[in-house]
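Novice: Residue numbers (this note's numbering), protein chains in the order written: chain R, 1 to 483; chain S, 484 to 977.
Among the clues, some could well be false.
Claimed, not checked - Capping the alpha-carbon separation at 30 Å, the derived lysine-lysine pairs in DSSO-like fashion look like this:
1. S:863 to S:881
2. R:468 to R:450
3. S:866 to S:723
4. R:463 to R:450
5. R:479 to R:452
6. R:468 to R:479
7. R:88 to S:863
8. R:463 to R:479
9. R:139 to S:723
10. S:866 to R:88
11. R:88 to S:723
12. R:181 to R:223
Rather than coming from a laboratory, the hints here were simulated on the basis of the structure.
Here is how the chains run, residue by residue.
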Amino acid sequence: MSYVIEGGTGAWEVVIGLEVHAQVVSQAKLFSGAATAFGAEPNTQVSFVDAAFPGMLPVINRECVAQAVRTGLGLGAHINLVSRFDRKNYFYADLPPGYQISQYQHPIVGAGVIEIELADGSTKSIGVTRLHLEQDAGKSLHDQHPTKSYIDLNRAGVALMEIVSEPDLRSPEEAGAYLRKLRTILRYLGTCDGNMEEGSMRADVNVSVRKHGEPFRTRCEVKNVNSVRFVMQAIEVEAKRQVEIWEAGGAVDQETRLFDAARGITRSMRSKEEAHDYRYFPDPDLLPLVLDEAWIAELKAALPELPDAKRRRFMQQYGLPFYDSAVLVAEQATADYYETVARGRDAKLAANWVMGDLFAALNRTGRTIETSPVPAAALGALLDLMADNTINGRIAKEVFEAMVDTGEAPGAIVERKGLRQVTDTGAIDAAVAAVLAANPEKLAEYRSGKEKLFGFFVGQVMKAMAGKGNPALVNDALKRQLG
Amino acid sequence: MLTDLTLAEASAGLAARRFSAAELTEAHLAAIAALNPRLNAYITLAADSARAEAADADAARARGEAGPLAGIPLAIKDLFCTAGLRTTAASRILGNFIPPYESTVTANLRRAGAVFLGKANLDEFAMGSSNMTSAFGPVENPWKPRGDAAAKLVPGGSSGGSAAAVAARLALGATGTDTGGSIRQPASFCGIAGIKPTYGRCSRWGIVAFASSLDQAGPFARTVQDCAMLLGAMAGHDPKDSTSADRPVPDFAAACSRSLRGMRIGIPREYRAPGMSGEIEALWQRGLDWLRAAGAEPVEVSLPHTKYGLATYYIVAPAECSSNLARYDGVRFGLREDGADLTELYERTRAAGFGDEVRRRILIGTYVLSAGYYDAYYLKAQKVRALIHRDFTEAFAKVDALLTPTAPSAAFAQGANMDDPVQMYLNDVFTVPASMAGVPAMSVPAGLDSDGLPLGLQVIGRPFDEETVFAVAAAIEREAGFDAQPAIRAGVAP
Chain R
1 MSYVIEGGTG
11 AWEVVIGLEV
21 HAQVVSQAKL
31 FSGAATAFGA
41 EPNTQVSFVD
51 AAFPGMLPVI
61 NRECVAQAVR
71 TGLGLGAHIN
81 LVSRFDRKNY
91 FYADLPPGYQ
101 ISQYQHPIVG
111 AGVIEIELAD
121 GSTKSIGVTR
131 LHLEQDAGKS
141 LHDQHPTKSY
151 IDLNRAGVAL
161 MEIVSEPDLR
171 SPEEAGAYLR
181 KLRTILRYLG
191 TCDGNMEEGS
201 MRADVNVSVR
211 KHGEPFRTRC
221 EVKNVNSVRF
231 VMQAIEVEAK
241 RQVEIWEAGG
251 AVDQETRLFD
261 AARGITRSMR
271 SKEEAHDYRY
281 FPDPDLLPLV
291 LDEAWIAELK
301 AALPELPDAK
311 RRRFMQQYGL
321 PFYDSAVLVA
331 EQATADYYET
341 VARGRDAKLA
351 ANWVMGDLFA
361 ALNRTGRTIE
371 TSPVPAAALG
381 ALLDLMADNT
391 INGRIAKEVF
401 EAMVDTGEAP
411 GAIVERKGLR
421 QVTDTGAIDA
431 AVAAVLAANP
441 EKLAEYRSGK
451 EKLFGFFVGQ
461 VMKAMAGKGN
471 PALVNDALKR
481 QLG
Chain S
484 MLTDLTLAEA
494 SAGLAARRFS
504 AAELTEAHLA
514 AIAALNPRLN
524 AYITLAADSA
534 RAEAADADAA
544 RARGEAGPLA
554 GIPLAIKDLF
564 CTAGLRTTAA
574 SRILGNFIPP
584 YESTVTANLR
594 RAGAVFLGKA
604 NLDEFAMGSS
614 NMTSAFGPVE
624 NPWKPRGDAA
634 AKLVPGGSSG
644 GSAAAVAARL
654 ALGATGTDTG
664 GSIRQPASFC
674 GIAGIKPTYG
684 RCSRWGIVAF
694 ASSLDQAGPF
704 ARTVQDCAML
714 LGAMAGHDPK
724 DSTSADRPVP
734 DFAAACSRSL
744 RGMRIGIPRE
754 YRAPGMSGEI
764 EALWQRGLDW
774 LRAAGAEPVE
784 VSLPHTKYGL
794 ATYYIVAPAE
804 CSSNLARYDG
814 VRFGLREDGA
824 DLTELYERTR
834 AAGFGDEVRR
844 RILIGTYVLS
854 AGYYDAYYLK
864 AQKVRALIHR
874 DFTEAFAKVD
884 ALLTPTAPSA
894 AFAQGANMDD
904 PVQMYLNDVF
914 TVPASMAGVP
924 AMSVPAGLDS
934 DGLPLGLQVI
944 GRPFDEETVF
954 AVAAAIEREA
964 GFDAQPAIRA
974 GVAP
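For reference, chain S alone in the conformation it holds in the complex (with noise of 0.2 Å):
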């Protein structure tokens, strides 16, 4: 089957004309048409913009022009701008809005010749671990624990349609946007690779803001190369967006195939937290084998200041985004609740727009810059914050890149955590670090847990080093020969 390829192999094959991307893209939202009603990946269908793209495509070809992704079909976060395509941030508030500009990123996929397929389900604005959060309802996690084919998992978040989507065969590929763990926690739900660049790799012009200093676009796939070929085209420097970083973007796809032979890893003792289940531990066991297996060193290293990592993320991405979603106020655009005075507009229009958790973080976010608070949080929250990443320089003069679980647990039920957002937020425990730390990490399945579901293993790297992490993580990649399929997915639903 087409929806089968990977990504690789589907650009191989057109390139040989085994195949139009015209019929790629029919397989596609075929699989979609079947699928999509249940999984709830996509928010919006794109099936007659995504035709004719993938008509341009075959004929770019035609012409010999096809550029590097020319007819991939991709799925789009519903976070990402996209011109004259309805983008919602998976909210009420924005439900009705159609931008009349193209994000940066997806105007790179696009020149790269990239074909549309629709927009994913997230959590909204991207504040979630669970995709529970979406106003368009949640998506179902295509795996299913062995021998309970009822029971509806989450797809993990924010980015969960978009990682349900590429596990499920309904894409080839997927942009998800990475604030504290959104693309490696729900790859690793999902049985999917997926990468959170170095912050300033990938533009933020264009992507609905959730948390500025943390926000990273970055690719899902299942395999490591085709995350490679995805952020290639994704990846580099744009002036419209002043922390994007002005660098070469390097031939990522080639790193793939580069030895570990001499590479240390290190290993951070502070991941090792108590209550760490079995099967995770395990699994990190076995990635430090296949790594030494590679060729590679294990160094034990420190992170000390790992423990307050959750803490001091969940002070500076509230208060950032109590902030940046401010302009949601339906004075210009999305959603407006009228009211006697413009205090009520405003009230009602955000009480009606925003989810649950949209509204906690506000609050959160409000309450630690408020005067009398800022310091004690907010201030606070900053120095700590340099002090991880002053653990993750330190460590990087030791070693090349680290290994650590993506998450303390596969996926778990709908429902589940949600009456406690704590609980909730632990999910982010080893993805927010390296958040924090505005270091690439990226999440690569490494093997099923007791209930057959999909565990993740996570290579951090240094900064722009995002080389070595494809490096490491394609390694680990063969190594684990990971072949598992999930139970619902294009040809197959149960």
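One chain only, chain R, in its complex shape (with noise of 0.2 Å):
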């Protein structure tokens, strides 16, 4: 199903391409030495060049330069031996020099690819154009003071990844879906946390529609948005603005809007011919970024499983279904979770207990994979208290329960609390009779015919048992009493 909007003058399609800056992630700025860290104090991580005192010098970090080899190479994307830096020369009063350093014309990494999963099961391939590096600006405070702006310098030289796609979305549940994708393949990396609450991922969104068939249109950008959801909402919102306007017999300007999340509408920041004339030319404080091929091998071979081969592999190697496997390595935590409870066990069953009562239980105490009350070991035994008998799969959901609120071993909890599976035949068989016996008009309708009641008397024994009776052999037991 693809997504249109239906006009007065027929069906519009959607065409959108995302420009994600994406932080990465070191220990120190792009040019500079300072520090990085999320949340400090407003200007202590500023250095003198980051300040862009008279005569400081940028010297390119090494480690920001793998980062973005790294995600080149996770993206499965043409790595460029040489780059280059130019200025991109604006006034602010937050970019100290009055020039950012990027990569305009000869960026680091070339065109590549990231395979979106949507709802309906599909999968689509979205065309990455290029990934360059370049300085984050500092942050301008407007509302600490009735007539004076403050800056806070610390983000200011922070290396950013600017992820360009081509314009191959066609629908926000596609751009979600890429960005979800992106972000995760990111994760696994290590060369950004994709943590779009406190910025370290933004996304520019390019917006136009057109008839089917028809050449692209005019496109807006709506700068700045800064989390899944709102991506969403702004395509689906801006797109229906331009479809007004073509609709009415208007043309759709081309220029730069904000996304305004509480009012759910965009606006216009600045049109084509406010646009900043941004004069980029090479950077002469830095020479050409030239990469070594034997270098670039060494990332390459240090790289993690990536998401989709992860996915793959759980597929092939533990019979998982596609979509179980897309959600189990969503996170790298969450898969290598998974699979140390897989390992030598019951693979779905694994699956079926990470994504249901372990992410419920996530839910509700409001804890990370990472900070699980239950560790992945201590699930794996209560799957193996399972596969040995010793308890049945109901009381193994209490046991896990008890596992979340007390953080005790499963087998543990079954000692104290008595609950190993019934097996004792004799007691069984007592125990059937002792329903049979209490429940004369059941047992006569069952005679009758009635045969649904047999999940009836199941229930009521192993209530009688206290959910502890081997559910086998509680059948059989019935199934001999009842003849």
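Starting from the two chains in their separate frames, assemble the complex, guided by the hints.
Specialist: Okay, structure coming up:
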């Protein structure tokens, strides 16, 4: 089902391209030794280079380059052995040198691809045009004083990767899936923490609309959208706005817009005429960035298994369906957790427990997989207790809840609470006999053909045995006595 | 007089304990006190710290730990950031700026034991050829035309204060920076030696930037040997400057006594510009004769793109400066003129802070980088620059060094050329090509013109072959026997 906007003149297709700014995970900034930790006191992580004092010079941080290369490799992209840094010139108070060092004409990473997964189970390949390194600006705080603005330069000079997609996305859902997938890949690679709330991933969204089969129409760029949800909303409202303009006989102006999440609209930030002339030119303080093929090969060899490969492996190795595999590999930590549970056990059962009871427990307790109250090994031990018939599935749920609450090992809980499954056929037969004796009417109904009541009897027997009866033995005994 | 010694002589005197660093510094401070009010060679004096540094040098010598420049009093162009010592770039916009850090070059000099007498005047942000654009007033050239003691001439620029200070014996040596001739032209105007080393030889870290791809630090002194000693201390790889060359620093001073026998010296025919003064041409010819006498063989060579040098330079340098000077915005340091909003703050601060020449170059640079003009100007200039570079590469396949005049004239009067920037820019016609190519070039005093004003010859060498440049310049120095002295100098003020 393709996404369209129905207008008075027919159906409109939406064309979307994303420019994602991903903050590089690194100890120091792109061109200075200042620290990059989030949440530090304002202006405590600023070097003279970041503050653009006279005579200060940038020196490239090799680790940031390595991170960009790793990301490029993770996107299956071409790594450019020679790239260059340019200056993008504009005046703003939180841009100390009056220019941003970026890669305009010669980015470090060329074309790549991201495979996205959609709700209907289909996948789609989205082209990545390029990835380049650039500096972040500082932060202007306009709400601290009635007449003054405050500037925090902690972020000034922090390394960003700008990852530009082809205009291959056709719906808000696809854009959301692209962002989530990109985030997953970056987190696997450890090149960006993907934390959109802290601003370490931000997206500029290019939106245009067209009738099916038409060439592209004028696009607008919605700047600096900072959550997947907002990106999807911004596309929806911006596309509708453009459809209305075209249908009213107008023309969409190419411009930069802002998404107002509170009011659910986009509004004009600056028109094409007001666009900056950035006067790009090669930064004469920096030499071209020349990469060594052997170094790239080294980085490639050290890459972790990436989500798509891991998903394929999960399907093959554990026999999981596509959906389960996709859910389990979305976070590296979840995938690791799952594999610890699944190794040597019933892999499908392990997936059900992780995606069902564990996720529910994490949601309820507000924990993450990394801080899960139930470690993977403990969940595995619980599965083992089921496999060796120490407890049955129903009791396992009870034990699991106790594990979440107390952090105790499953075996200990089973012993303490006396939850060991009853396999003594004498005890089971006695319980069955007692239940049948206590329900003569139901027994008569059953015998007159109402066989659905078998389940009722199972329930009654298990209840009488406090849930601890071995389900198979209970079934056998019932069948025998019901004759 | 101690102030009349060369740097090498002073160094030997200190080593032999004939006088102390404290005495040497006092002599220079006294000369500065007497003459600087008139010459205006220094913007900021550092008498107290200089005395302390001299005392340190004496103490170090007493301990047997004297560095190669221990106790040598120098003038520092006020473009080098000096920790705790005001650094203005001769601009109102940095008029109150005290850097919390020390440039790599001055840190190297301090480590060698040098004493800093003060910060030398210059054209604002090193933009000029006359030192007339300084926000702290012009510098007077200590030389006077014969029979006109009242004449006030420019020392050249942009390192005019450094050159005037060394010529007038207000320092034994000085640092300068050269972007298109800012060391060589003032050296020529003031009758002293000065070298712009290969781009990348000295770190640019901590030097207020004018045009990053061209700026290069270098020394002034009264002899070639003294320049070699200073450059040896200033140069060296600096990981803080990505364009600094990771190469060992040779023994430049030793290179000064190398023989020229068998060397081939190129004479670029394109430098024989139409309208060149007969005196300059004659001096150039004398230079050739001296080199021939020293055993070298003159060879005519061609640098076919020379005529585009100046035009190219005045696109590339302003383009870079328009971006480099964007940081002077009144927000974090230096001058601030408040405004109703951010744009007005920028406009008022920069209007009040920058002089005419700086503004002119920022405007030119902004223009040539603008959308629609970039290809026609900046990109074309970069291509021509590559051709100029190739000219030198090809010439140096045939010869070991080039000999040219340094400047088209001797020092001119203060105020001359001020209403005609193009005429002013022509001062750099012989110096700019070596800057565009990044190759080392030195001006050495070679004679006087008919007015008794000094003229220099320029020696240009292969990249990172300053040694040959020093050898050739030292030979000219020996053959020329230049011993004229400026009218105004320590102990002599008419």
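Novice: Regarding the pair residue 88 of chain R and residue 863 of chain S, is the alpha-carbon distance no greater than 30 Å?
Specialist: holds (20 Å)
Novice: Would the pair residue 866 of chain S and residue 88 of chain R pass a check requiring their Cα atoms to be no farther apart than 30 Å?
Specialist: holds (21 Å)
Novice: Taken at face value, is the distance from the CA of residue 450 of chain R to the CA of residue 468 of chain R at most 30 Å?
Specialist: holds (27 Å)
Novice: Taken at face value, is the distance from the CA of residue 450 of chain R to the CA of residue 463 of chain R at most 30 Å?
Specialist: Measuring from Cα to Cα gives roughly 21 Å; hence the hint holds.
Novice: Residue 181 of chain R and residue 223 of chain R were given as a pair; does the straight-line alpha-carbon distance stay at or below 30 Å?
Specialist: holds (20 Å)
Novice: CA of residue 88 of chain R to CA of residue 723 of chain S, is that 30 Å or under?
Specialist: holds (22 Å)
Novice: Given the proposed pairing of residue 463 of chain R with residue 479 of chain R, does the C-alpha separation stay at or below 30 Å?
Specialist: holds (17 Å)
Novice: Is residue 866 of chain S close enough to residue 723 of chain S, meaning Cα to Cα at most 30 Å?
Specialist: holds (28 Å)
Novice: Given the proposed pairing of residue 468 of chain R with residue 479 of chain R, does the C-alpha separation stay at or below 30 Å?
Specialist: holds (19 Å)
Novice: Given the hinted pair residue 479 of chain R and residue 452 of chain R, is their alpha-carbon gap at most 30 Å?
Specialist: It holds: about 13 Å lies between the C-alpha atoms, which stays within 30 Å.
Novice: Quick one, are residue 139 of chain R and residue 723 of chain S close enough, alpha carbons at most 30 Å?
Specialist: holds (26 Å)
Novice: Holds or violated: residue 863 of chain S with residue 881 of chain S, Cα cutoff 30 Å?
Specialist: Holds, because 28 Å separates the two Cα atoms, which is no more than 30 Å.
Hint check: no violations occur; every hint is consistent with the structure.
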